[in-house]
Amino acid sequence: NAGVTQTPKFQVLKTGQSMTLQCAQDMNHNSMYWYRQDPGMGLRLIYYSASEGTTDKGEVPNGYNVSRLNKREFSLRLESAAPSQTSVYFCASIWTSGGVGELFFGEGSRLTVL
Amino acid sequence: QKEVEQDPGPLSVPEGAIVSLNCTYSNSAFQYFMWYRQYSRKGPELLMYTYSSGNKEDGRFTAQVDKSSKYISLFIRDSQPSDSATYLCAMNSGGYQKVTFGTGTKLQVIP
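Protein sequences appear in the order of chains A and B. Here our numbering runs 155 ahead of the position in the first sequence, where the first position is 1. Here our numbering runs 613 ahead of the position in the second sequence, where the first position is 1.
The set of hints was computed from the structure by calculation and includes no laboratory data. Keep in mind that the hints are not guaranteed to be accurate.
[As the list claims (entries may be wrong)] Below, a list of computed lysine to aspartate or glutamate pairs in the DMTMM-like style, where the Cα atoms sit at most 20 Å apart:
hint	chain 1	residue 1	chain 2	residue 2
1	A	K212	B	E616
2	B	K655	B	D696
3	B	K615	A	E214
Just chain B, with the same shape it has in the complex (with noise of 0.2 Å):
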């Protein structure tokens, strides 16, 4: 068993849409949980991070985090075809410990 599973989607939703983004993950000691956005041919990007359980808003983007039931989630509100891309999540213990991926999620949002 992986120790982050994600749903590879594709996902693909009208323009204005709103979407969610899940992963599980089965390692307690996790406590910081990020997502990444990657365009197609390029490197992934730090697009949210958390700490711990909670919610967290960031213009049209939220994450949240449910520790007790090893679940996150990323809501992107009003959509646009320029959020088409893959999503990742992403999780350490903290610091330089090694950073664990999910296998991403991509998304097309259609005009």
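Chain A with its partners taken away, still in its complex shape (with noise of 0.2 Å):
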């Protein structure tokens, strides 16, 4: 049972290069974010997809783009790289009951711009 795969897994990137993310998920669950980390400002989301079709801007949208491809799949796209954008990425698909609801993350994606 994979859970919540994020490849690659560590990335560097020079200023202005372009690059995805790619996050799948096997746990059939209807909604999926991307979250980035940073030192002394936790957790930020980025963009998050509710159900297949739609995607929605999170806290930090700016210089990202996604793609909900599939119920499975939601990639993450940096289509001019910079180094604010040096980062953790991770992935992460929900589960809801009674009102709750975990999150199941990936291993994340290490970035690195230069």
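Mind docking these for me? Both chains are given alone in their own frames, and the hints should help you get the complex.
Below, the structure written as structure tokens:
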């Protein structure tokens, strides 16, 4: 049972380069999320997808785009990377029951922009 | 001002100590309160959740919520080296609503 799988785990980019972070979940969850985690800032929501075919901006969407390819997959694209986007990126999907939503996270993608 | 405030630590305690981790928040709409544990170079995992005010116990862990004071706590009894991790508080108004996280407190339990 893989849960949430992210690729790549590590990436180094130069300023201005583009890349896509891939995320897939095998738990049949409807909603998926992209967070970034920075020292002293905690987890901040970039984009989320409440269901297949929909995406919405989170707290820090600037410089990113997303695609909800199907129910399983939710990708995050950096069109022109900047040093401020150096961070650890986490994909998550959510399971809800009785009002409580449990986020299941991937292991993270560590991105450095030089 | 952040919606959720959490002391980043680090917090270092001897094995067997009682640990108290805390968060304060400002959004009165929050009803579900969660604690996530994150080991180094791993994604966060849900440890406990509580709904509204009150206490919830699970083994060595107790979560407390005081909505009147907008204050939540996580207590760890008989702390173990394996408890060494970063603990993040999180909260939302329910279901698929956006989950807001604290910055996390790094805990080290020394054998």
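Hints, verified against the model:
Under the criterion of a C-alpha separation no larger than 20 Å, the hint pairing A:K212 with B:E616 is consistent with the structure, at around 18 Å. For a cut-off of 20 Å, the pair hint linking B:K655 to B:D696 stands: about 14 Å separates their Cα positions. With a CA separation close to 12 Å, the supplied pair B:K615 and A:E214 stays within the 20 Å bound.
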